[in-house]
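Engineer: Each protein sequence line maps, in turn, to chains A and B.
For the first sequence, numbering that gives the first Met the number 0 assigns the number 90 to the last residue and increments by one with no breaks.
For the second sequence, numbering that gives the first Met the number 0 assigns the number 233 to the last residue and increments by one with no breaks.
No lab work stands behind these hints: they were computed from the structure.
Watch out, some of these pointers could steer you wrong.
No farther apart than 35 Å at their CA atoms in a straight line, the calculated lysine-lysine pairs in the DSBU-like style are these [what the hints assert, rightly or not]: (1) B/Lys157 with B/Lys1; (2) B/Lys95 with B/Lys193; (3) B/Lys157 with A/Lys13; (4) B/Lys157 with B/Lys95; (5) A/Lys28 with A/Lys62; (6) A/Lys19 with B/Lys22; (7) A/Lys28 with B/Lys157; (8) A/Lys11 with B/Lys157; (9) B/Lys157 with A/Lys49; (10) B/Lys95 with A/Lys49; (11) B/Lys1 with A/Lys19; (12) A/Lys62 with B/Lys22; (13) B/Lys22 with B/Lys193; (14) B/Lys22 with B/Lys95; (15) B/Lys95 with A/Lys19; (16) A/Lys49 with A/Lys19; (17) A/Lys62 with A/Lys11; (18) A/Lys28 with B/Lys95; (19) A/Lys62 with A/Lys13; (20) B/Lys193 with B/Lys1; (21) B/Lys22 with B/Lys1; (22) A/Lys13 with A/Lys49.
Quantities reported herein were computed from a predicted structural model and do not represent experimental measurements.
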Amino acid sequence: MLLVTVYLLSMKAKVYVTLKPSVLDPQGKAIQHSVELLGFQGIADVRQGKYFEIALDQSLDPKGVEEAAERIAREVLANPVIEDYRVEIEE
Amino acid sequence: MKFGVVIFPGSNCDHDAYHVLSKHVGQPVDFVWHRDTDLSSYDALVIPGGFSYGDYLRAGALARFSPVMNSVREFAARGGLVLGICNGFQILCEAKLLPGALIRNHDLHFTCAHISVRVETSATPFTSELESGQILRLPIAHAEGNYVCDEATFAELKRDNRIVFRYCDEDGALTEAANPNGSRDWIAGICNRKRNVMGLMPHPERACEEMLGSSDGRPIFQSLSNTLAAMQER
């Protein structure tokens, strides 16, 4: 029983949020510049994004997990006007 | 006629807005806490500037989920007047009451300065006391004021005369140097389709007394008051 609980508790939704290609990313540009100052070459572009880990407890129906994570990403974590998102479920 | 100034955790221009409306416009004002949901006694709302919820996630993103925002949405749908200033503009965009989004300034700086904006239309309840082409001196103080929107939205904003303020130089010219944050087409403020919701990045509430360097912001609040007075006479 304990093992089952631990297994379910470790279920995770991973959400990656990135700026749409059409949106300028001045932070990414500044990071790219710093990386180049460090001596690295061949950096074509740096885009900064956000990464979220959502730990899920056993109260959620496993079948609904993906849909729930998708909604959380779309309605809260990302602003679809400027950002894209990608959801991964890790069991 | 009664105004409400909505306060979220982290709002910090609420008292300025209250002061202007009560002292200079001379109308009754209440503070409205973000957990309040009854807006039935108000005719106009100000969503003030600040750093609601610490700007976590994105500026304005978390304030959208405060209980008061559902009521603000209904209030706006009924035709109530809503003015969002700075963080208030960001909140209104996140809440989809205004189109587009405000992203990090193109130069990454938090810019705190007096700038010029050009009134692009007097055909809103917020600018009826101003003239199209008039230049106002207003302060800005933001790091995320770079207005972006897609092509369809931009075309619609232009077609329907919904760009209310544009950044400009002292003579009203749209020069590159006069755009403080990289906003698309120098956009500093827009309104919704029904023209009863407006957001702008500059702070008119901080420019209502000559002692503070400018009183150019006052006609915006006076416009609101006059519009409401005219509506109530009818």
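Engineer: Are the hints correct? Go through all of them and say.
Structural biologist: Here's how the hints hold up against the structure:
| no. | hint | result |
| --- | --- | --- |
| 1 | B/Lys157 with B/Lys1 | 32 Å, holds |
| 2 | B/Lys95 with B/Lys193 | 14 Å, holds |
| 3 | B/Lys157 with A/Lys13 | 39 Å, violated |
| 4 | B/Lys157 with B/Lys95 | 18 Å, holds |
| 5 | A/Lys28 with A/Lys62 | 40 Å, violated |
| 6 | A/Lys19 with B/Lys22 | 45 Å, violated |
| 7 | A/Lys28 with B/Lys157 | 30 Å, holds |
| 8 | A/Lys11 with B/Lys157 | 44 Å, violated |
| 9 | B/Lys157 with A/Lys49 | 33 Å, holds |
| 10 | B/Lys95 with A/Lys49 | 22 Å, holds |
| 11 | B/Lys1 with A/Lys19 | 42 Å, violated |
| 12 | A/Lys62 with B/Lys22 | 58 Å, violated |
| 13 | B/Lys22 with B/Lys193 | 29 Å, holds |
| 14 | B/Lys22 with B/Lys95 | 32 Å, holds |
| 15 | B/Lys95 with A/Lys19 | 18 Å, holds |
| 16 | A/Lys49 with A/Lys19 | 13 Å, holds |
| 17 | A/Lys62 with A/Lys11 | 14 Å, holds |
| 18 | A/Lys28 with B/Lys95 | 29 Å, holds |
| 19 | A/Lys62 with A/Lys13 | 16 Å, holds |
| 20 | B/Lys193 with B/Lys1 | 21 Å, holds |
| 21 | B/Lys22 with B/Lys1 | 14 Å, holds |
| 22 | A/Lys13 with A/Lys49 | 11 Å, holds |
Violation of the numbered hints given earlier is confined to hints 3, 5, 6, 8, 11 and 12; the remaining hints are satisfied by the structure.
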